[in-house]
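> Can you make the complete structure from the sequences, with help from the hints?
Residue numbers (our numbering), protein chains in the order written: chain B, 874 to 1025; chain F, 25 to 495.
It should be emphasised that the hints constitute simulated quantities derived from the structure, not laboratory data.
Hints may be right or wrong, so weigh each one.
[Unchecked claim] According to the in silico footprint, chain B covers these stretches of chain F (three or more CB under 8 Å from chain B):
{"no.": "1", "segment": "150 to 163"}
{"no.": "2", "segment": "173 to 186"}
{"no.": "3", "segment": "237 to 250"}
All values derive from a computational prediction rather than experimental measurement.
Backbone N, C-alpha and C fix where the C-beta goes; we use that ideal spot for every residue, glycine too.
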Amino acid sequence: MQRVLRIAHVILWSALAVTLVALGAPPIRSSANLPRSPWPTAYYSADSFLWFAANSPIRAEGLVGLFARLPAPKEVLIIVKKTDSRSLLLGMVNAYLAAPHPVRIVNSGAEARAILPVSHAAAALVFCGLARPDEIPPGMIFGDMEICPPPP
Amino acid sequence: VTSSIIVIVALATVLGSGYGTQSLLARRTLLLNLPEKLALSWLFGAGVISMLIWIFGLIIRGPLLPGLVFCVALVLTWVGWRGNVSPAISFRDLRLFHWFLLVVLAAQVVTMFYLSSIHTLGWDGLLNWEIKARYAYLNNGALPPSYFQDQGRSFSHQEYPLCIPFTQLWLYFWLGETDQYWAKIIFPIFYAAGVVLLACALTRFTGKKFIGFVAAILLFFVPQIAVGGGSAIVGYADFPLSVCYFATVTFLLRSIEEPGCFRFYAGTLALLPWIKRDGVILWLVAATCGALVIMLTRKSRKHFFMLLPGLLVIGLWHGYLRAMHTTTTEEFVPVTLANIQSHSQRLIPIASALLAEFRNYRAWSILWPCVGLGCFYLLWRLRQLRSVILLVAIFAPICLYSATYIFSNWPDYLFHLHTSLGRLLMHVAPLGLVVAGLAAGARLPQRWGRRSSSPICAAPVCERTPGVEFA
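Below you can see the structure in the form of structure tokens.
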């Protein structure tokens, strides 16, 4: 009896192990099929996020240079649509890249309408996945994103 | 190529300082395998280096900061070199089958490095963790105080601790620039450390090497851990935290018979709140288990003092956050009687969501049914203190994590749960494999995993495993 139980025990745990491998392997295999970048850049994750969120191959390094040229202590206003995860991600990546500037992420709609008339003190306005209002001067367009100077 | 060499040297300093730390903890009272020593060296090294950068960064900045940290790392490496006079354990009595399993395990670790290199950092990997490393690097080694008060960057959770970002910062110091590609290399190393610790722990507990090796191999086939959101390859802190928690609990279990292990338990326990904020919950559970072990095994009351370093880390970090007037995200409402009453109707949906997560085979394969079966077996056949501690260490965090969603401040608390519960379960998943491994190994005949002079089980006392005792 003990011998039968032991054999059953071995069969049970072997079957469980095989099932675990059989169910777990396909997601891992599909994950390994991603194309490998020949030599990733120092900003390769941010580049990838920007491409995904802005639908355009934007180089994060270029944005870092752009933000660095803005007047230092001034705030960067980032306008996003918080219900849209792409727009929100784009806003966060811009906030990440805009250091050392302080940033403010503002939701589109009433929140943005309240702040735009007094946004002349900002270093720049970044519209993420949103159209720029007419009262804001045009800026540089990067896919679904536009970086504008503050209104005069 | 130059960057690769620099990164290897930087990683070696992390390992060296961790090696010294674990030698100081061991005090020659405990024999560990070389792979086990290296795995622990990585855990302690990441903790020590990040903490040194944080503490020294409060006083000094610029090139002096990495210089000073490097000097301490060198001293610790020297201590480790001098302290480990016990000979390295040979692998000569491994059988062909064991070698085959080891080759598979090594191939999996290499695959994890490959997968890590082709995936980018995940959302939290970039916007919670790497962001801190980058900002600290741009500010000469310390996070600028303005960052902690920056409402606009509250998405990056300024209150999260610095073990992971400051280990990345250490690489940036060596590289001389920020680099999101190299920052990610620390995560497959945590994976390697995790599988080594898992294999060694199960081998000690069951007395069967192949059970340990097979469990470590199976960890790779749990998609949530290998490739899922928050997995070991996308730069999240959850897997490093799970490795540290695993080490804490397994050293506590070993300390029941090997008193020297209690120091390692205390060391890894102190790291838990330093890796991630959720580590405080794990610290609470592991410290409670530690207190139980001290009382039930009649250890000296002095052992209670060993629980204090973790408390000190929690206190220091929270004091620092308060001094910096840190912005906090209001993800949870306060735990008050009124909130408990008004949110109590969430209990059943949360419980069913938890059960659904256990049945999510795409994320977990059949890990949780195996753990369930193992728990049943442990309660039925191996009723002893170690089984109780192990089960508490697995189920208490799951209950506490689930309970936190009762107080979620998100408009849709179930969405909050679905975005994070899988990652939280990762913290106890390696321990779940220990339960399954113990159950699987308990009925096997001893000739399958003969007691030996043991290349894996260095300490003779480790032969008295629950399985062996039961047999």
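> The structure should be examined with respect to each hint, and the outcome stated for every one.
Quick rundown of the hints versus the structure:
1. 150 to 163: holds (count 8)
2. 173 to 186: holds (count 6)
3. 237 to 250: holds (count 7)
Checked against the numbered hints given earlier, this structure breaks none of them.
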